[in-house]
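Number of protein chains: 2
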Amino acid sequence: MPLDPARTVAELRELQELTGDENGSQRVAWTDTWETARGWLREKVASTGAEAEIDEAGNQWFTLPGQSERALLIGGHIDSVPNGGWLDGCLNVLAGVEVLRRLAEEGTPALTVRLVNWADEEGARFGRSLFGSSAAGGSMSDQAELRERRDADGTALPDALAAHGVELDRALEARSRLAKAAAYLELHIEQGPVLESLELPLGVVLGTFGVERHQITFRGQAAHAGSTPMDQRRDALAGAAKLELEIREIAKRIGGGAVCTMGGVVTKPGIVTSVVETAECLLDQRHLDAAQLAEMLSNAEAASRRIAAEESIEVEWEKIWSIEPIPFDERLIELADESIREVAGTSHRLPSGPLHDAAEVARSGIPTVMLFVQSLRGLSHTRLEDTKEEHLELSVRALDRLTTKALEAFA
Amino acid sequence: MPLDPARTVAELRELQELTGDENGSQRVAWTDTWETARGWLREKVASTGAEAEIDEAGNQWFTLPGQSERALLIGGHIDSVPNGGWLDGCLNVLAGVEVLRRLAEEGTPALTVRLVNWADEEGARFGRSLFGSSAAGGSMSDQAELRERRDADGTALPDALAAHGVELDRALEARSRLAKAAAYLELHIEQGPVLESLELPLGVVLGTFGVERHQITFRGQAAHAGSTPMDQRRDALAGAAKLELEIREIAKRIGGGAVCTMGGVVTKPGIVTSVVETAECLLDQRHLDAAQLAEMLSNAEAASRRIAAEESIEVEWEKIWSIEPIPFDERLIELADESIREVAGTSHRLPSGPLHDAAEVARSGIPTVMLFVQSLRGLSHTRLEDTKEEHLELSVRALDRLTTKALEAFA
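Protein sequences appear in the order of chains A and B.
Here the first sequence stands for residues 1 to 411, numbered as in this note's numbering.
Here the second sequence stands for residues 1 to 411, numbered as in this note's numbering.
Since the hints were made in silico from the structure, they are not lab data.
Watch out, some of these pointers could steer you wrong.
All copies of an identical chain are treated as equivalent in the list; a pair is satisfied when it fits inside any one copy or across any two copies.
Under the rule of at most 25 Å between Cα atoms (straight-line distance), these lysine to aspartate or glutamate pairs were calculated in the DMTMM-like manner [unchecked claim]: (1) Lys252 - Glu310; (2) Lys252 - Glu277; (3) Lys44 - Asp386; (4) Lys405 - Glu246; (5) Lys319 - Glu338; (6) Lys388 - Glu301; (7) Lys268 - Glu318.
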């Protein structure tokens, strides 16, 4: 079968019909609907002759043997958040199916080609994202903690996994599936506004951002809003306000795609008749370059201390979470750029703010790259998530081109 | 009996022993403990021969007949918040008792002198402050709404009042008690830091601030903290931050004791991975001059619109509550100033941020003034509320001097 990108769009709609409702997609991992989607996928791939199997972490593999045991991997995830969109994760998988069909038709590829449908990328039910890819990539180190996790109904994570044939204690055995991997490709919707603002359908992802996430607490003194003169106040909210404005200057100064976000402030006592005593701020800073990220963090820390001194208040930092930047493979980035230019004329390189399964694969040392296709209004994780059909079709063509180039380059 | 300010301090401690516990004062209006305090007060006043009665709003009056039926009123409130301080409200009453004793000893005063213990100044149980004084002053207009109010245990306000002999529907009949009032005096702890910062024991209150209280909502666009470039954000928190800093400039520019407070911000969605979509800000502005207060409000509104335009976000104002400034009587302010200078050497004039029963009396057209005595660390409504004993004694002396001067001036 020659490549038929329109079929991918039709299959995306068919999947949505099968596993979604009026509120959006409902393919939450470790549920019956997710299992329905996996069964449906197995049937779709069957005609290619690729061998289907599920690994120890619940990842679904389809293997098309090549002239070499070394393998080119194409990945995605068919699970969604509750009330999710029709593209996040499953576009990747179905575009991969279309590429498999084209390859199967053409005979034995130079490398073995394996399509992987990662288990539980979203972490929607148990709050643990990238489950299957972190097991296969080998970074999963929180099994003891995962054993205690429960969903909203009180079901323990190990029990939910067991119902789908996965033993938590054996999940890391999925590492063997990456032993012969030569390279990894992933297509995804952008889930951001950059490509739309540039009026470009496609972009190459340079890697996933490093993230520094902190809670910053300013402490002043609660005081009566009526009886405390302005010059005798120690207002914690003034600290939060100055820092909110300062982190934007820091991101601008550092540049290179830097983003800084104060996503929330909690004020206490938080009543109209009192000066704010404590302001708890959530700060998220991201950069593709580890040194620049470290500088952003240190700039924000210095600014917060200067502000605290100016306002006669105190400031305290507490780390919430951080991750190093994960750069993708330079050779594959070049090939992806070429592929996009061939199908769409113009390419664009951009970092990924959200994490993806590709980051886990790249962290494990396998050359990796991602393609982004434009998201309308940058929306995702909602039924309003959308991409123009012509862009979806271009994205399937670009992934197909990239597959051909990668097979040549890594053979 | 000659004036004995030390006795006032001793009686304050006795009242605290009788009606407080390790968490502070527990004289919440319309409770048994409050009734105990009123009974105790009646016994304390008995020796003066003043006639005791309770009016239709639950206010407790002690009347020492004078040469004229026209009356000089001295007021306070014996009710407290739960876990309250040992001075708020009851200092006023007990200082008044000491003045009554001195007057009774000296014979028949030129004017009738009446000490009033206002009912439910704090509104701690039903959220309706200044109950008794607003009934007597005639401003109470929310009886229909009060009829529906319930306390935390579900008891209706009219039932709680009835248990203490007050019919809500007849409360406004208490207005008759002010018919022959010539002037009203009230001593109170400052509940703010001004006198302490000036190292002065006493001050004259110029009036109670006018207040403009508004909720200001900035609306931007939620967007992924990782995938949304800085220049494509519409961050509602930036609006709140700029306004928080701007209101301080407005207060400084207007001057004359102006205070502006952003007491709280609620951010939505308020999560670390999203740009803030809405920021709901609580704004409180106060000034003793109505025109200046109006200008402060209009400056803040203009600033919010300029900020919204700068940030490409929207802004919406909703009024929470407002009250006009209530200036006190100029002649009485002069007399109060003289009284303080005579007992403490130096006086200071300041507005009152908090409202007081005196504001209700002044609103009804009766010449009114208040004396403030220093509060340590500005604390009130907590068992940590305190004032030096020497300052408490000076405050009793100042009230006594002021009473003498007012009896001469208004006779």
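Status of the hints after comparison with the structure:
Taking CA atoms no more than 25 Å apart as the test, lysine 252 paired with glutamate 310 passes in both settings, with 23 Å inside one copy and 17 Å between copies. Taking CA atoms no more than 25 Å apart as the test, lysine 252 paired with glutamate 277 passes between copies only; the shortest distance there is 21 Å, against 30 Å inside one copy. Taking CA atoms no more than 25 Å apart as the test, lysine 44 paired with aspartate 386 passes inside one copy only; the shortest distance there is 23 Å, against 79 Å between copies. Neither within a single protomer nor between protomers do lysine 405 and glutamate 246 lie at most 25 Å apart by alpha-carbon distance, with minima of 45 Å and 57 Å respectively.
Taking CA atoms no more than 25 Å apart as the test, lysine 319 paired with glutamate 338 passes in neither setting, with 40 Å inside one copy and 59 Å between copies. For the homomeric pair lysine 388 and glutamate 301, neither the shortest alpha-carbon distance inside one copy (42 Å) nor that between copies (42 Å) is at most 25 Å. Taking CA atoms no more than 25 Å apart as the test, lysine 268 paired with glutamate 318 passes in both settings, with 18 Å inside one copy and 22 Å between copies.
The structure fails to meet hints 4, 5, 6 from the earlier list, while all remaining hints are met.
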